[in-house]
Every structure is written in C-alpha cells, then in structure tokens.
Amino acid sequence: MTKIVIVEDEQGLQTILKYNLEKDGYQTIPVMDGKKALETILKEEPDLILLDWMLPHVSGVEICKTVRQNHDIRHIPVLMLTARGDEADKVSGLSIGADDYMTKPFSVPELMARIKALLRRAPPKPPKKTKIFADLTVDFDKKQVMRGNRMVHIGPTEFRLLQIFLEEPERVFSRLELLKKVWGDAIYVEDRTVDVHVKRLRQALNAGGEYDIIRTVRSSGYALSEMKKK
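For the sequence shown, position 209 matches number 197 in the working numbering, and the numbering has no gaps at all.
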C-alpha cells in the first residue's frame, strides 16, 4: 500500500487530508511538527511527503532540504502545502527540492490529482546494496546475481525487472506495471516485450535446475515467489 506522511500542524486540515487520502486507498502517517516529521520520514521511508511550510521546531523548508541531502530518502516526492502564495515563495519552495507546490486554501480533488501524478513520475526507491530472497542474492553495486552458489548472468533489462520484483517479493506485478517501471510512459512497448524479458530472466535464474522462482499468475502478471511447484 502506498504510504504518505502528512506533515501539517493544523489539526482540522490534517484530518481532512487523512480522510481523503485513506478514502483513495493510501496509508497515511500524520505528523504535527517538524522534528517528529524528520524522524518519521527516516523511519518509514514513505512513497510521498505532504509538507506544510510553517511548522513548529523545524520548518518545512529545512525538512525538504534534509530529505534531498539524504541518499536513502532523497527520491521521495515532496508536495509542499502553504499559505504563502507569492511567486517568490513558490520559486523558493521548488528550488530547495519540492516537486510540487499548492497554496492554501486548495481544492482537494486537485490535490489528489497532483499526488497521483507525482507518484506516477516518482523514481524507484534506491536498492539496498545487497538483497537476499530465498536462495537468490543480488549485489546492486556490483550488478551481480547469485542463485545459491551459482553466478547468474543477465542483461540490463532483466536486471531491472529483477530489481522491481525484489522491491516487493510475492507481489504480482501486471504487465502494464512492469512496462511503466522498466520502459517508462514515453516509449511505446508491447505487452509481449515484457513476456520475452521475463522469460529470459526466468531461464537465467533457473538454468541450474533450481525450482522456478518466478510465478506466472494467469491474466494477472508475474511475481518473485518462494512457492515451489509440486
């Protein structure tokens, strides 16, 4: 579930934001002050941050700067909410690293649309240096894949597919999701292309006679799975 941290010290507005986001299926984590916000963002690593400009203890500007300077969380989209509507303030907010900026009062439907747009454009979470799942070990720095004690040789597209699968093991990714995550919205690629690259990845991962670690879900997509076929 997509996780959004709401950093807003006005209780009424925070309640409205929480209600509307959860109604749309998002998980929300409300925070009332800047200091707590930084702790929460580092701990939770959300998918998006709704960030008020004026906050107790630490301002939204300082929070945004800190997020952009931290390698582990700088990929997270930041949408700033503020009563400061001057053009200079908007430029300032965007120049420190905010991805979008809305002036209070704002339209909730417009806010929801902007959140969806930011999430669509958001870069993938940076992978941890090494990821282990079942008997699979992936070193992202070295671009090295091991299945047990066997080295697995795969191409860059297959490596990107594997990276996506490893972000949420056991989750079924549709072909459309994989298309967008690997090739992006700007390039036209057929669904069949996904099948071809998943087949190549599967063959490489299972070349040593291991069980098929990629599960095909009919009419739904693919998942990295520990479930062994009987």
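A portion of the hints provided could be inaccurate.
Unchecked claim - Below, simulated SDA-like cross-link-like pairs (lysine to any residue); rule was C-alpha separation at most 20 Å, straight line:
{"hint": "1", "residue 1": "K119", "residue 2": "E155"}
{"hint": "2", "residue 1": "K113", "residue 2": "L167"}
{"hint": "3", "residue 1": "K31", "residue 2": "D21"}
Said to hold, decoys possible - Okay, the calculated beta carbon distance ranges per label pair:
{"hint": "4", "residue 1": "R109", "residue 2": "Q15", "range": "50 to 56 Å"}
{"hint": "5", "residue 1": "S95", "residue 2": "E27", "range": "27 to 33 Å"}
{"hint": "6", "residue 1": "E50", "residue 2": "Q15", "range": "21 to 27 Å"}
{"hint": "7", "residue 1": "M42", "residue 2": "G196", "range": "56 to 62 Å"}
{"hint": "8", "residue 1": "E27", "residue 2": "T204", "range": "20 to 26 Å"}
{"hint": "9", "residue 1": "H63", "residue 2": "A195", "range": "30 to 36 Å"}
{"hint": "10", "residue 1": "R62", "residue 2": "Y7", "range": "14 to 20 Å"}
{"hint": "11", "residue 1": "P144", "residue 2": "E178", "range": "17 to 23 Å"}
{"hint": "12", "residue 1": "E50", "residue 2": "Q132", "range": "34 to 40 Å"}
{"hint": "13", "residue 1": "T181", "residue 2": "E214", "range": "36 to 42 Å"}
{"hint": "14", "residue 1": "L164", "residue 2": "G0", "range": "44 to 50 Å"}
Simulated from the structure, these hints should not be mistaken for laboratory data. Virtual Cβ for every residue (Gly too), placed ideally from N, Cα, C.
Practice task
For the range 30 to 36 Å, tell me whether the beta carbons of H63 and A195 fit it or not.
Solution key: holds (33 Å)
Handout entry: Cβ separation of E27 and T204, checked against the hinted range 20 to 26 Å
Key = violated (41 Å)
Practice task
Take a quick look at whether K31 and D21 sit within 20 Å of each other, Cα to Cα.
Solution key: holds (16 Å)
Handout entry: 50 to 56 Å as the expected CB spacing between Q15 and R109, which holds or is violated
Key = Given about 20 Å between the Cβ atoms, the range is violated.
Handout entry: Supplied distance hint 17 to 23 Å, evaluated on CB atoms of P144 and E178
Key = holds (19 Å)
Problem - Satisfaction of the hinted span 14 to 20 Å by the C-beta atoms belonging to R62 and Y7 - result: violated (29 Å)
Handout entry: Verdict for E50, Q132 (Cβ pair) under range 34 to 40 Å
Key = Since the Cβ atoms of E50 and Q132 sit about 39 Å apart, the hinted range of 34 to 40 Å holds.
Exercise for the section: Take a look at whether the Cβ-Cβ distance between L164 and G0 falls inside 44 to 50 Å. Expected result: violated (38 Å)
Problem - Range hint compliance [Cβ, S95 to E27, 27 to 33 Å] - result: Taking Cβ atoms as reference, S95 and E27 lie about 31 Å apart, which means the hint holds.
Handout entry: Range hint compliance [Cβ, E50 to Q15, 21 to 27 Å]
Key = holds (25 Å)
Problem - 20 Å Cα cutoff - pair K119, E155 - result: Distance ~9 Å between K119 and E155 Cα, so the pair holds.
Handout entry: Range hint compliance [Cβ, T181 to E214, 36 to 42 Å]
Key = At 27 Å between Cβs, range violated.
Consistency note: the structure conflicts with the earlier hints numbered 4, 8, 10, 13 and 14.
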